[in-house]
Amino acid sequence: MKKEDTVKLISAEGFEFVIDKNAAMVSQTIRNMLTSPGDFAETERQEVRFPEISTTILEKICQYFYWSLQYASGKETEFHIEPELTLELMMAANYLHT
Amino acid sequence: MPIKFRKTIDLEEGWEFLETGINKLKRILEGHPEPQFEPEEYMMMYTTVFNMANQKCPHDYSRELYEKYKETIQDYISSMVLPSLREKHGEFMLRELVNRWMNHKVMVKWLYKFFQYLERYFISRRDLPSLDEVALTCFRDMVYEELKGKAKDAVIALIDQEREGEVIDRALIKNVVDIYVEIGMGDMNYYVNDFENDMLSATAVYYSQKASNWIMEDSSSDYMLKAEDCLRNEKERVSHYLHSSSEAKLLEVCHSNICSKFK
Chain A
1 MKKEDTVKLI SAEGFEFVID KNAAMVSQTI RNMLTSPGDF AETERQEVRF PEISTTILEK
61 ICQYFYWSLQ YASGKETEFH IEPELTLELM MAANYLHT
Chain B
1 MPIKFRKTID LEEGWEFLET GINKLKRILE GHPEPQFEPE EYMMMYTTVF NMANQKCPHD
61 YSRELYEKYK ETIQDYISSM VLPSLREKHG EFMLRELVNR WMNHKVMVKW LYKFFQYLER
121 YFISRRDLPS LDEVALTCFR DMVYEELKGK AKDAVIALID QEREGEVIDR ALIKNVVDIY
181 VEIGMGDMNY YVNDFENDML SATAVYYSQK ASNWIMEDSS SDYMLKAEDC LRNEKERVSH
241 YLHSSSEAKL LEVCHSNICS KFK
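So the sequences go chain by chain: A and B. In terms of the working numbering, the first sequence has 16 at position 16, counting the first letter as 1, and numbering is strictly consecutive. In terms of the working numbering, the second sequence has 6 at position 6, counting the first letter as 1, and numbering is strictly consecutive.
Don't read these hints as lab results, they were simulated from the structure. Possibly wrong hints are sitting among the right ones.
[Unchecked claim] Which chain B residues face chain A? A few, computed with CB under 10 Å, are given here:
hint : residue
1    : PRO39
2    : GLU40
3    : TYR42
4    : MET43
5    : TYR46
6    : THR47
7    : PHE50
8    : ASN51
9    : ASN54
10   : TYR112
11   : LYS113
12   : GLN116
13   : ARG120
Given the structure is predicted, the values throughout are model-derived calculations rather than measurements. Note that beta-carbon positions come from the ideal geometry of N, C-alpha and C, so glycine has one too.
So that you can see chain A by itself, here it is in the shape it has in the complex (with noise of 0.2 Å):
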């Protein structure tokens, strides 16, 4: 994967989630972020730090990522969730408005 087409979710252990950026765009608030930093010039780190959310759920999120650029051309599967995590990921796609 070329660098220019990632970023990097960085989650609160300091874990480094390095991902396609048409899948992270899934979540609108980092759509925002990503998007129209042109107003104020480029920024060179395409990286985003969540000091909140640990980093079993974003490793989750990414999956959600993945599934849901899969899902969107056709592909129909289930998207598996541990039931210990549901609460968790659901404040997590909340935040993240996915």
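Dock chain B against chain A, hints included.
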């Protein structure tokens, strides 16, 4: 283990933090040397609003944040935008108006990035005006209403200059006319009532005068040629900087003032 929000954010404290971001935005808008917003900073602003809007009663500050958002804009307009506009006139005032309008749109875009969480639940559930609407209404009620007359006069003056053969800044006029269109948020009445009507009257006066002169000076064929020229010029004028809806009315005015003389 649920996501831990830190201790409840107090309204004063939270707003103070948001204000640092807002002030930075204002400095950038005013053209001061200021480093760009880092993704970090944006996230902090968004997160603060998010947290403050998600706290349990009585610390759910959605309404206060919404009010303060509006106050911020009103404040900025009255302290920075209006003073700078009031001290300018004519074409300079038009340029400043266009700059301030562009600036306003940028400010709204960034404030939206910070406050957007309010839009998703608080605003939509109570059917309140959206963040964009609030911002535009502020600009309209405070700036547009005060300056629409002066701006209209200045534009008409420039149009008449162009009719006399002078070169004018068409892009500037287009930008000003666009304000009249955009300020209506889909409603063309502002453009029509605050600009078009007077522009048409002024056009009528201008050509009525011209026609009177030509009748006395020119042969009928010359007159016809001039009339054709005018109609063509006015049509071009619409395509350069007026709203397309004005074309029919404008040509009608020209027609009746030029051709009707020729009886």
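Here is how each hint holds up against the structure:
1. PRO39: For PRO39(B), the interface hint holds, since the closest Cβ of chain A sits about 5 Å away, which is under 10 Å.
2. GLU40: Holds. Min distance 6 Å.
3. TYR42: holds (5 Å)
4. MET43: At 6 Å from the nearest chain A Cβ, MET43(B) passes the 10 Å test, so the hint holds.
5. TYR46: It holds, given that the least Cβ distance between TYR46(B) and chain A is near 7 Å, below 10 Å.
6. THR47: Status holds, d = 7 Å.
7. PHE50: holds (6 Å)
8. ASN51: holds (9 Å)
9. ASN54: holds (8 Å)
10. TYR112: holds (8 Å)
11. LYS113: OK, holds: LYS113(B) within 10 Å of chain A, min 5 Å.
12. GLN116: Where the cut-off is 10 Å and the nearest Cβ of chain A is about 7 Å from GLN116(B), the hint holds.
13. ARG120: holds (7 Å)
Checked against the numbered hints given earlier, this structure breaks none of them.
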